[in-house]
Amino acid sequence: MSEKSYRDAIRDAMIEEMDRDANVLIMGEDIGVYEGTFRITAGMLKKYGPKRVIDTPIAEAGMAGTAVGMAMLGLRPIVEMMTMNFAIVAADQILNHAAKIRYFSGGQVDVPVVIRGPQGAGVQLSAQHSQTFESFYGHFPGLKVVAPATPADAKGMLKTAIRGRDPVIFLESAALYGMKGEVPDDADFTVPFGESRVVREGGDVTVVSYSRMMQLSLSAAQRLSKDENIECEVVDLRTLRPLDLEPAYTSVTKTHRCVVVQEQWKPFGAAAEIAASITENVFDELDAPVERVTGEDVPMPYARNLELLATPHEEQVMNAVKRVMYRE
Amino acid sequence: MAKQETESAAAVIDAVCAPDWTEILRQMILVRRFEEATEREFRRGKIGGYLHVYIGQEAVASGIISALRKGDILFTGYRDHAHALMLGSDPGRVMAELFGKSTGISKGKGGSMHLFDVEHGFYGGYGIVGGHLTLATGAAYALRYQGTDRITVCYFGDGAMNIGPFHEAMNMAGLWGHEGMAPIIFIIENNGYAMGTSVERHSALTDLAARVRAYDIPSEKVDGQDVFAVRGVAERVIRQVRENGTPYCIEAVTYRFSGHGAADILQPYRSKEEVEQHKHRDPIVILRNRLSELCGLKDDDVKRMEDAAAEEVARALKFAEESPQPEADELYRDVVAE
Ligand SMILES: Cc1ncc(C[n+]2csc(CCOP(=O)(O)OP(=O)(O)O)c2C)c(N)n1
Ligand SMILES: [Mg+2]
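Top line first, the protein sequences correspond to chains E and V.
If you count the first sequence from 1, position 27 lands on 27 in this note's numbering, and the numbers rise without skipping.
If you count the second sequence from 1, position 7 lands on 7 in this note's numbering, and the numbers rise without skipping.
Hints in this document: simulated from the structure, not taken from any laboratory.
None of these values were measured; they are calculated from a predicted model.
Heads up, the beta-carbon is just placed ideally off N, CA and C, and yes, glycines get one too.
There could be a bad hint or two in this list.
[To be verified] Restraint ranges, calculated between C-beta atoms of paired labels, are given here:
#1 Asp-21(E) <-> Glu-39(V): 43 to 49 Å
#2 His-139(E) <-> Gly-180(V): 36 to 42 Å
#3 Ala-22(E) <-> Gln-277(V): 53 to 59 Å
#4 Ala-127(E) <-> Asp-207(V): 38 to 44 Å
#5 Glu-243(V) <-> Gln-128(E): 41 to 47 Å
#6 Gly-45(V) <-> Gln-128(E): 21 to 27 Å
#7 Gly-48(V) <-> Gly-203(E): 54 to 60 Å
#8 Ser-271(V) <-> Pro-242(E): 53 to 59 Å
#9 Thr-197(V) <-> Arg-163(E): 43 to 49 Å
#10 Val-123(E) <-> Thr-197(V): 42 to 48 Å
#11 Leu-331(V) <-> Phe-268(E): 22 to 28 Å
#12 Ser-271(V) <-> Lys-51(E): 48 to 54 Å
Using the sequences plus the hints, can you model the full thing?
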């Protein structure tokens, strides 16, 4: 184990996989000479050369689409989106091509492309630069969608993504880049997709979340334990597609109460899918309706106070937990 | 002097009459009969969805595909039956795909717009106008990255030149060509229309070949009704692209004799006279006449080809008709690998 930042964990995963497999390459805007907007790829151009670290023009559709073509021919391209907000420009290439080629070709090709980049709010980037996309991509069959919350998961899941055979949307939390955590040193350490896990045990309320909101839920759980004597069981989904809700069902069977926390907007969001699935599968276990904590249903404002109002915070999670316990 | 001239003329005729050309004629006739059959089967309700046929444009596919090597790969849009057949896909399996049968070339999951046959170098078959140009450009990069001298051929229509990914793909191919990493030939099938919108009405600059030069991609126009002309350009360009890893664009000026798709019956955007006039330049007739004038191709030879094509299409139809539908559990197969 070594202590690593979330950022370095992502970087290490890419470097280890590029060392391991000559078919792995990375492309994106300003990832080479400029060394990356978030410096994740710093030094990689020098190490691997311009054929494997490709500075692209500002052409999100171009880079996503060419990467899909490379993947169909056996390469394993990683596309770094400067932020995931810009990947909307490449939506057709991702949703209508990457996600569907295996199917409409009757399984004749693999499409091992990884599209990764930061997302989320928190540093006053306002409406066009603060969004999260898990429900957007999670909607589409043919994609895998992951959103790691820890450095270890970031590394292990990125390696799984690169070694896989399908397109992966790898959603990084920009706000977590500096977060540190223990990461296994083993070069073959990987974290499988579709395996949620319980990150904190507790008997009173199940809190289901992922990515930065999982970290927020953990803090809320600690405060509830200390201040209110309430023990939350926190489930980290890690993968949104394929979605593994078994640990959540098991937990709800024990706690009979559930809160789902997401950063994105409430309508048609990931929490809606999760809450509906819990209701469908363990309805008889529930002693209260599933609560959702979400971002406010507005474009992200710039002013700091308004941005804080628009994004979920610990108190909202704590209040929701108390509500499902009828303790408010 | 006079003797020399006759000798060189003879040499040209020898080349013209090489057996390859009768094979090309045979293929073009087969594709024509195949497409006519699909139009009939669409009307009979055997083929669903959209159906876009290649009638009138055959020389654009055959002139280039016949000059490719095994290992070269091809991407195109939804007007894709001819490309698959000319690359060597089995007509029965192509027809079965159109019929939505399990024996189809894409297991009945793609249909007319998504033919796919990797074994023969056919990487699809795409339904979003212009969406595959980036894929083809990336595929070309991959072929060089892997150290091969294989090339990519990417077909698209005149209308596809107005959508964003066209420009992004062209610019990236132009750039990558500077490094010798873009062995790709872009082929504009300029059939004069994007559905019902003529080139004059959809492209600010109607010289389409000129437009790609903005991306440092050399280009030229060719008469797409004359397979000799297309093939001539193809041989030279393929050699160059294979050798240098640089992109090239060929604008094949052609015309589609049928409607845009099977549902385009009224065709209010063009007159019957216009269509009739273009039918005088039928690529199959042009090739046939050339071969009879110069190479002694007999009416009987053509008749034999016609009969063989009819038989082959009948066999394809029978195979498609008799093949089973996909099993219900196919529904969930091939969504993801694992
Ligand atoms: C992005 C997108 N917009 C619209 C369509 C509908 N559409 C299908 S074919 C077509 C015309 C394309 O014309 P062209 O590229 O010239 O090809 P052609 O059909 O003439 O071979 C249109 C508008 C589509 N499939 N994809
Ligand atoms: Mg057209």
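How the hints compare with the structure:
no., hint, verdict
1, Asp-21(E) <-> Glu-39(V): 43 to 49 Å, "48 Å, holds"
2, His-139(E) <-> Gly-180(V): 36 to 42 Å, "40 Å, holds"
3, Ala-22(E) <-> Gln-277(V): 53 to 59 Å, "56 Å, holds"
4, Ala-127(E) <-> Asp-207(V): 38 to 44 Å, "41 Å, holds"
5, Glu-243(V) <-> Gln-128(E): 41 to 47 Å, "45 Å, holds"
6, Gly-45(V) <-> Gln-128(E): 21 to 27 Å, "48 Å, violated"
7, Gly-48(V) <-> Gly-203(E): 54 to 60 Å, "55 Å, holds"
8, Ser-271(V) <-> Pro-242(E): 53 to 59 Å, "55 Å, holds"
9, Thr-197(V) <-> Arg-163(E): 43 to 49 Å, "46 Å, holds"
10, Val-123(E) <-> Thr-197(V): 42 to 48 Å, "45 Å, holds"
11, Leu-331(V) <-> Phe-268(E): 22 to 28 Å, "25 Å, holds"
12, Ser-271(V) <-> Lys-51(E): 48 to 54 Å, "53 Å, holds"
Violated hint: 6 only; the structure is consistent with all others.
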